[in-house]
Amino acid sequence: MNIAGELGIVYALLGAAVAVLFAGAGSALGVGIAGQAAAGVVTEDPSKFAKVLIIQLLPGTQGLYGLLVGFITLSKIGILGGGIADVSVSTGLLILAACLPIGIVGLISGIAQGKTAASAIGIVAKKPEQFGKAMLFPAMVETYAILALLISFLAVNGIQV
Amino acid sequence: MAVLKMQRISICALKKDRKAILEKLQSLGVLEVDHVIGEDEDFHRMDTTGQRAGFERAAASLDQALEILEKYVPESKSMFASLEGKKQIDPETERKVQEQRQELLKTARSIADLDRDYAEQLAAVNRLTNSIAALAPWLSLDVPLKSMRTKRTVMFPGTMPGGTTAESVYTLLGEKAPEAEGTEVYIVSTEPSTVYLAVICFQEDAAAVEDALRSAGFARPSQTWDEAPAEEKSRLEQQIADCRENADKIAGKIASFAVKRDELKIAADYYRVRADKYSVLGQLPQSARTFVISGYIPQCEASKVADYLSGKYDCMVDVEEPKEDEEPPVILKNNPFSANMEGVVESYGLPTRGEIDPTTIMSFFYVFFFGMMLSDAAYGAIVAIVCGVLVAKFPHMSPGMKKSLKLFFYCGLSTLVWGVLFGGYFGNIVDIVSQKFFGTTVTVPALWFIPLNDPMKLLVYSLLFGVIHLFVGLGIKGYLCLKDGKIMDFFCDVVLWFMLLIGLILMLLPSEIFASIAQTAIEFPAAVNTLAAVLAAAGAIGIVLMSGRGNKNPALRLALGAYDLYNITGWLSDVLSYSRLLALGLATGVIASVINQMGSMLPNNVIGVIFFIVIFIFGHALNLAINLLGAYVHTNRLQFVEFFGKFYEGGGRPFSPFKQNTKYAEIKEETLS
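These protein sequence lines map, in sequence, to chains V and L.
Take 459 as the starting number for the first sequence in the working numbering and just add one per residue.
Take 193 as the starting number for the second sequence in the working numbering and just add one per residue.
It should be emphasised that the hints constitute simulated quantities derived from the structure, not laboratory data.
Predicted, not measured: the structure shown is a model, and the values here were computed from it.
Be aware that a few hints might be false.
Taking lysine to aspartate or glutamate and the EDC-like style, the derived pairs with C-alpha atoms no more than 20 Å apart in a straight line are [claimed, not checked]:
{"no.": "1", "chain 1": "L", "residue 1": "K855", "chain 2": "V", "residue 2": "E587"}
{"no.": "2", "chain 1": "L", "residue 1": "K263", "chain 2": "V", "residue 2": "E587"}
{"no.": "3", "chain 1": "V", "residue 1": "K509", "chain 2": "L", "residue 2": "E538"}
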């Protein structure tokens, strides 16, 4: 195996890392932003804990989507389950490119969804009966993470190793 | 699938029956009071704010007493207390409590008084503890801590800044008050910042000595005691013990009222109900002998109430249809399955006048999509079993809670079905366990296909379900147009769009793009292709010509039509939005597999099995929770944004009847059969 052949698997693994890293970071930031708002509401009214917790969790899904794509990539290149596949440089780069959508969109949408969730928590603080509507605003942001997940997933799935 | 029809009922009766009629109406709880006539020279409203405030105060003081009781003797509550709902009581108990209501109010007041006493005792303990702390530095002084004198000498205690010693005081006195010889200084105790000392000097020197000391920061203690500090301390300790004992006695007394808790609750509710009654009473137009009550009532109840009242009392009952400009309140009425989704519609907005209740149609799509997004047989079974058991076990839970749980019960069943179709049981747990512990891989075959192996197929199906959902929405819009007799709107806004969209879909199906997505090429006969082109063209031209039909200016009309045609992009994004059905389903399955994989990486021995079980339970609990949340939120979104966006606005007012609005207990409501 020459040095170029070895680089292929590195690019592929880099792809998995990009998906998990950026999407996870986006979710961490988003959940953190929403968590600050949630903590503020609970200091005033502890009985709203369950409701604000649910909204705080909404930006957490990007991290899961990143994990999903990362996992698919790892099993694709054989790092999971033994027997590392022989990945050429171009295939490795293809996998890296396939992982980019969920990584980047996950990061940005996680942060944006966190901000929306923080505002939605404000709705719950003032009008708890509007919980259903409050939950919907952050879900709007998530749509784009779902679209990115789909493309990343279909692309990784479609690349022949 | 309906909005209950509302009628306006107006009752004019004699004042002597006022109490009986009002109480009857309140216990029936079917009338929303809404008066249309104002005051004139014959009819006046009664000012009941005073009585109402009195009842509200009484309810508040009972509530407060209950809160205090809760503080001293917390009521034992199970984990599922919030599911139990209000306690059911029979009218007999209610009557008994009503008779004792004055006594119960007194009890409430004495509970509040006792609570105040308790707080006072605790405050006293605090004060005494502070005194003991202030006394601590003086403890080694064996004379009372105050200025004392003998025939010739005087003794006074005091403090000086830290670092002061007996020598430094003597030096100071030698400089500032040289005449005061024979002054004795005792350092009682020393702290880093303060030195406590007692000074004895001749009476005639006292002033000079104190002045000298003051110049170096001397101060008398802020408190004086008649006893020696040690004795004083034990006296204070005794007082603290007494206070604590008193506090305990008071707490015991309060606790002894705990048996009255249920009665207090019923009495609090009684006053709350009376306050409501008086607030309605204040709205009634009343003449010298008669009164009028008017409001909205569901049609199915109207005649029963009218018959009952006119049979029993001397009164005039008039039932009529609401006028055109009135906006009557809304109650939804659906079949037992769809009724559980009423909460979802309510959270978006109830139908306004002229709109239909979308609950029934939505309910089937709701359960269908929910199951598809969660799509794991084991998760579905868990959700359905948990919700089913809770509903069966707590029959008195609040109706809203019951509906939500039943909604999730049905969604769980749907998830179970989709899970079997897609072969998902805790992800791929069967494969993992059989391979790890039994050596052979056993796969439960999917009844339909495994999405992970053929995602494009599921994507196509997701979009297909989306198109069906959206077309049903557009169809309902068409139905509404026809119902209102707007044939032109029906043709231009619905039929033309159907033509355009169906034409476009038929043109797309044989194309290469679709073939590469669906991995099968579709060939239509030439006639169908022509038909598709004709439909699409006719639809598009029709929309450009007709959308701006409200406008007389032909140029503007065409511009508006072209702009409306641009909505085709909206349709595209609506359809693509249904790809979340695939994405969320995959997320559940793949993350479940990740959890299983993690568990299977452990060695195959006892410890490995234990950790496997721990990872299994925690991992799947987490995955279930987060995907349940995701499925719920995104199913709502598909209904609210994509489906309702086609035909439904909402904005109706919920029905809020004049009823026994209780907080703790529910008295069995009377019904007229």
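* Determine which of the earlier numbered hints do not hold for this structure and return their numbers in increasing order. => 2
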